[in-house]
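Q: Sequence:
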Amino acid sequence: MGATRTGRKPPRVGDQPLFRRMLIGIVLVIVALLIVAPLVVIGVEAFSKGWAVYRDTIIHPDTLHAIGLTVFAAIVAVPVNTAFGVAAAWSITKFDFWGRRFLLVVIEIPFSVSPIVAGVAYLFVYGLQGVFGPTLDEYGVKILFAIPGIILASMFVTAPFVARELIPLMQAQGRDLEEAATSLGASGWRTFFSVTLPNIKWALLYGVVLCNARVMGEFGAVSVVSGNIRGQTNTLPLHIELLYHDYQAAGAFAAASILALIAVFTIIAKVALERQGAGRVRRPALVANPAEKTQ
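Per the numbering used here, the very first residue in the sequence shown carries number 112; after that it's consecutive.
Treat the hints with care, since some could be wrong.
[Stated by the list, open to error] If you anchor each label on the Cβ, the simulated ranges turn out as follows: (1) Pro309 to Ile378: 23 to 31 Å; (2) Gln387 to Arg341: 35 to 43 Å; (3) Pro128 to Gly299: 56 to 64 Å; (4) Phe330 to Glu219: 36 to 44 Å; (5) Gly299 to His356: 49 to 57 Å; (6) Ile340 to Pro149: 37 to 45 Å; (7) Ser305 to Asn339: 44 to 52 Å; (8) Leu129 to Gly299: 56 to 64 Å; (9) Phe213 to Ala371: 34 to 42 Å.
Just so you know, these hints were derived from the structure itself, not from any lab. Glycine residues also receive a C-beta, built at the ideal position from the N, C-alpha and C atoms.
With these hints in hand, go ahead and build the complete structure from the sequences.
A: Written out as C-alpha cells, the structure is:
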C-alpha cells in the first residue's frame, strides 16, 4: 500500500551501487580472462614469427585443403539441417500427432550427447565392424575415414540449431495465420512461403548462422570419423591440432586465427540479425500506438 501511494518501487536485489559495481566488475573480469584473452593470444601468437610464416602457413596445400574441406562440409550440412529444422519446427508447432513430444526430445539429443560419443556411435554403425559396414564395403561405399563421414558427423552435432531457434517462435505465433490462409484456399507451399516464412525469417537466419559456425568449428565427432589423414580428411580444427603436435605453434595459431575470425563474423552477424528481427517486431507496435491514443 505504502509503495503504491508514494509511487516508489520496492527495492530490488542489487540496487545498491556498491553491489552493482562489484557484480559488473566480476563479469568483466571473467569475460576478459575466459573470452578476450584467448582471442588476443591467438592473434599475437599467429604473427609471433612474422608475416612470412603466417602467410606460408595459410597458403600451404594442407591448410588450403583443410579450409576447403571445412567449407565443403558446411555447404552440405547447413542446408540439409536448415531444411530439417524448418520441417521439424513446422511439424511440431503446426500439427498435433502421436509422438510429437518424443520428436522434440530426439531433436535435443545432439546437445546432450558428447560429440566424441557420437563419432564412436558412427563407427559402430558404418564401420567395418558395424551394422552397415560390411554391406557398404561389399559395394565399395566408404563412409568413415572419408568425406561422407565428416559430413554426417557435422550434420549430427548441428541438427538442433535451426529447429531450436524456430520452435519457440512458431509456438508463440500459433496457427491462426496458417489456418486463415488455408481456409482462403491457399495451398500448403503457398501458405509456407507467403505466411510462415516471412514471420520466421530472422530466427531462421540466426539459426543458420549458428549452425554454420558450429560446423566449421566441430572437432570431437569429426576427429573420430575422419581418420586425421593429412591433406585428405583433415578439417581446419583437426589441421590445427596436427600443426601443434608437430611443434609448429606459430602455424597452429595462424590456422586458428581463421576460425577466430569466423567466430567474430558470426557474432557480428548474430547481433545484426537480432537487431533486424527486433526492429521488425517493434515497428508495428510503434505505428499502432498513435491510433490507440486517438481512440
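Q: Now tell me if each hint is right for this structure.
A: Hints, one by one, checked against the model:
no. : hint                         : verdict
1   : Pro309 to Ile378: 23 to 31 Å : holds, 26 Å
2   : Gln387 to Arg341: 35 to 43 Å : holds, 42 Å
3   : Pro128 to Gly299: 56 to 64 Å : holds, 57 Å
4   : Phe330 to Glu219: 36 to 44 Å : violated, 21 Å
5   : Gly299 to His356: 49 to 57 Å : holds, 53 Å
6   : Ile340 to Pro149: 37 to 45 Å : violated, 28 Å
7   : Ser305 to Asn339: 44 to 52 Å : holds, 48 Å
8   : Leu129 to Gly299: 56 to 64 Å : holds, 59 Å
9   : Phe213 to Ala371: 34 to 42 Å : holds, 39 Å
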